[in-house]
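Novice: Residues per chain, in single letters:
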Amino acid sequence: MNLKIGSAQIKLLETLCAATGVAGNEGAVRKAVLEALGDAAADHTIDALGNLLVIRKGTRRGRRLRVMVAAHMDEAGLMVTGDDKDGIYKFETVGGLSPAQLVGKHVVVGKDRIAGVIGFKPIHLTTASERTSGVSLDSLRIDTGGAANGKVKIGDRAAFSPNFAVLGSGRTRTLRAKALDDRLGVATLIELVRNPPDNVDLLAGFTTQEEIGVRGAYVAANALDPDLAVVLDCTPAYDLPHWEEDEENTRYNTRLGAGPAIYIADKGTLSDPRLVRHFSETAETAGLPFQFRQAGGGGTDASGIHKSRAGVPSISISVPGRYLHTAASIARVSDWQAALQLVHAALSGMNPSLLSLERA
Amino acid sequence: MTDIPEFLKKMIRTAGLSGYESAIRELIEEAWRPFTDELSISRIGSLQGLKRGSGAEPRPSILIAAHMDAIGLMVTRLRDGFLHVTGIGGIDARVLPGQLVTVHGRETISAVVVEPPSWLLPPDDRSGSTSLGGLLVDTGLPADRVSDLVRPGDLVSFASEPVMLGKEQLAGHSLDNRASVAALTHALDLLQTRDHRWDVWAVATVQEEETLGGAMTSAYDLQPDLAIAVDVTHGKGPGSPPDKTFPLGDGPALGLGPNVHPGVYRAVKAAADRIEMKTQLEAMPRHSGTDAYGLQITQAGIPTMVISIPLRYMHTPVEVVHLKDITRTGRLLAEFIGGLEVDLMKKLSWDEEV
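As given, the protein sequences belong to chains A and B, one line each in that order. Using our numbering, read the first sequence as starting at 5 and increasing by one per residue. Using our numbering, read the second sequence as starting at 263 and increasing by one per residue.
Because the hints were derived from the structure by calculation, they are not lab data. Careful, some of the hints might be misleading.
Derived DSS-like pairs: lysine-lysine, alpha-carbon spacing no greater than 27 Å straight-line [to be verified]:
#, chain 1, residue 1, chain 2, residue 2
1, A, 115, B, 429
2, B, 540, A, 89
3, A, 115, B, 271
4, B, 313, A, 157
5, B, 313, B, 498
6, A, 157, B, 498
7, B, 506, B, 586
8, B, 608, B, 313
9, B, 498, A, 89
10, B, 586, B, 429
11, B, 272, B, 531
12, B, 586, B, 271
13, A, 115, A, 89
14, B, 429, A, 89
15, A, 94, B, 498
16, B, 429, A, 155
17, A, 155, A, 89
18, B, 429, B, 498
19, A, 89, A, 35
20, A, 155, B, 271
21, A, 89, B, 586
22, B, 498, A, 155
23, A, 15, A, 115
24, A, 35, A, 115
25, B, 506, A, 89
26, A, 94, B, 506
27, B, 586, B, 531
28, A, 155, B, 586
Sample of chain B residues with no beta-carbon within 10 Å of chain A, all distances over it, derived [stated by the list, open to error]:
#, residue
29, 291
30, 319
31, 367
32, 499
33, 536
34, 559
Interface residues of chain B toward chain A, partial, derived using beta-carbon atoms under 10 Å [as the list claims (entries may be wrong)]:
#, residue
35, 341
36, 354
37, 385
38, 403
39, 404
40, 500
For clarity, every value in this text was computed on a predicted model and none was experimentally measured. Here a beta-carbon is modelled for each residue, glycine too, at the ideal position from N, C-alpha and C.
All chains, please: the whole structure from these sequences, using the hints.
Specialist: Below, the structure written as structure tokens:
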């Protein structure tokens with residue numbers, strides 16, 4: 005089966021990205037996922053942390069691997085923490101958001117999606133030393149133009165306003181949006197649930213609270229009791245030039261356009277070597293591009309899942325994305341499509357003997 | 263009547279960085295055509311609309327200047343498919359990371375301003391904030407495509423969509439000074455049904471953010487007897503010192519200081535009082551930071567006034583204005599112009615007592 009990313013998939017991604025799903029309040033994303041899945045989600049539960057668990061059993065006879073595939077629904081965002089009156093609100097960040105990325109942005113606040121902006125002191129009223137210092141969260145406010153009195157309350161979540169766009173065309177068609185981390189993973193998982201391989205039991209976990217410590221995925225794995233897990237995420241592509249012309253950027257993590265990123269090790273997980281081999285060999289056999297993510301920092305739902313129950317062999321596969329956790333992240337359609345095809349092919353090629361192999 | 267918020271949104275979506283105002287000028291020209299008797303374009307691109315007065319010739323004339331240029335960025339060099347940029351007008355680099363922009367190359371290209379990770383930055387930028395020189399613009403396009411489409415000197419304008427905050431306030435980039443263009447347009451609209459003896463030159467000026475050259479040159483050419491610069495001033499709000507800012511929705515601010523002729527100030531204040539309009543007094547101890555600085559020293563000197571619309575977060579892509587302040591400024595201009603007596607210039611004196 006050769007799954008494609010076409011205009012319907014891109015349209016669904018746009019809907020998913022537009023939803024506000026700040027960690028701890030993923031309801032709008034969950035609703036969009038359920039709508040997109042329709043009958044494919046006939047067998048689903050929503051657990052105590054808001055995880056959406058969808059089971060699609062394989063039809064092939066004999067023993068089938070129980071494969072958990074997870075993608076987190078939540079995004080890094082904001083929570084309203086104080087009312088300064090006249091429609092102006094204090095807020096805190098939820099998940100890794102740099103205050104420098106909040107300046108001068110349009111946001112939407114709360115369930116009613118009240119429009120607001122995060123303003124900044126005019127340059128005319130700043131000193132030279134102020135302009136070179138960092139931006140403190142404490143200096144920022146959400147301004148709803150005095151309009152929101154009563155409609156915004158402390159505890160409301162806020163997120164960047166949607167700004168989805170398709171840039172360029174053809175082979176290098178590129179997507180720009182808020183929350184590509186991890187709505188790209190969510191959209192990929194939706195395609196898998198719609199087109200499940202028949203040789204495995206697909207245990208889909210649309211998880212919550214990844215951005216504040218991988219909390220949803222851990223309990224989801226405890227409940228789903230998988231034989232192994234594949235986590236679909238979005239990982240930074242730091243493939244920008246170095247300021248010094250002759251310096252090489254050696255810490256690029258991943259590169260846009262080089263295919264899906266297979267994780268070997270990040271700060272939270274050492275991927276199961278059998279799965280690393282299985283995924284890279286699957287890609288080579290299928291002629292799909294892939295890259296190994298540079299080992300180092302970061303983490304995914306796998307960090308919780310691999311330590312759940314009595315241990316779950318796990319791996320993460322990411323679509324590379326530039327400027328994640330900002331108002332406008334960027335990813336390539338080609339990387340997304342190859343990620344979908346790779347995961348589908350890898351799942352389709354899994355049989356119980358995979359886990360009988362030596363780990364290394 | 264011109265639909266002010268719709269006209270403003272259209273203007274915000276139309277590029278017009280200092281020195282490159284053609285697109286925005288055409289939009290304003292279209293709005294002013296039904297309200298003016300003559301339209302002309304100055305030698306450096308300002309739009310000049312004449313609405314003739316009813317007084318006997320030779321009539322005195324007043325020039326109302328609202329600059330139509332906006333701040334933005336310009337490409338300085340290409341690097342592996344990314345763009346280095348510099349500022350046009352005063353830009354605090356801290357507002358730029360994550361901003362949606364349009365690159366005006368051989369095609370119009372959507373892009374975003376990005377802050378590279380710290381280890382890729384110039385050493386001075388690795389703590390504190392990233393300087394403009396350290397930031398990049400990413401079009402998402404491959405490097406060879408970028409080299410085909412973009413050259414140093416190409417303009418980069420802000421591209422985020424304007425948004426109404428509730429029913430009365432508008433947030434968007436370039437409201438400095440498209441808000442004043444809207445106010446001037448509203449004034450021309452009101453003057454359609456109100457007699458005025460003086461000739462009125464409505465001028466959408468160029469290059470205010472860089473040189474004030476548009477206002478100076480149109481004033482030189484048109485030789486008005488009086489001039490008013492309409493601009494924005496700092497609105498009271500988070501992050502701004504309360505003593506240098508003006509509440510949104512409390513009416514226009516009337517400037518007072520060396521760039522303002524005290525007699526014209528008195529006459530404008532009197533016009534506001536006639537229509538019982540609330541105004542705020544803005545102390546302008548030195549350079550007013552407006553076209554008035556240039557208008558005042560044109561020809562043998564022109565009695566000049568500054569009227570300002572309070573605006574929050576100036577020179578960020580999320581400037582905020584109160585729509586009532588815009589329509590009030592338009593009404594005040596129309597009332598002042600309508601009340602101008604033919605012999606005002608004989609009576610006007612630089613008497614500092616206001």
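Novice: All the hints need checking, so say for each whether the structure fits it.
Specialist: Structure-based check of all given hints:
no. : hint          : in the structure
1   : A/115 x B/429 : holds, 19 Å
2   : B/540 x A/89  : holds, 23 Å
3   : A/115 x B/271 : holds, 26 Å
4   : B/313 x A/157 : violated, 50 Å
5   : B/313 x B/498 : violated, 35 Å
6   : A/157 x B/498 : holds, 23 Å
7   : B/506 x B/586 : holds, 21 Å
8   : B/608 x B/313 : holds, 23 Å
9   : B/498 x A/89  : holds, 13 Å
10  : B/586 x B/429 : holds, 11 Å
11  : B/272 x B/531 : violated, 32 Å
12  : B/586 x B/271 : holds, 16 Å
13  : A/115 x A/89  : holds, 20 Å
14  : B/429 x A/89  : holds, 17 Å
15  : A/94 x B/498  : holds, 17 Å
16  : B/429 x A/155 : holds, 14 Å
17  : A/155 x A/89  : holds, 12 Å
18  : B/429 x B/498 : holds, 19 Å
19  : A/89 x A/35   : violated, 32 Å
20  : A/155 x B/271 : holds, 25 Å
21  : A/89 x B/586  : holds, 20 Å
22  : B/498 x A/155 : holds, 23 Å
23  : A/15 x A/115  : holds, 22 Å
24  : A/35 x A/115  : holds, 13 Å
25  : B/506 x A/89  : holds, 20 Å
26  : A/94 x B/506  : holds, 22 Å
27  : B/586 x B/531 : holds, 18 Å
28  : A/155 x B/586 : holds, 23 Å
29  : 291           : holds, 30 Å
30  : 319           : holds, 43 Å
31  : 367           : holds, 13 Å
32  : 499           : violated, 6 Å
33  : 536           : holds, 29 Å
34  : 559           : holds, 22 Å
35  : 341           : holds, 5 Å
36  : 354           : holds, 4 Å
37  : 385           : holds, 8 Å
38  : 403           : holds, 5 Å
39  : 404           : holds, 5 Å
40  : 500           : holds, 4 Å
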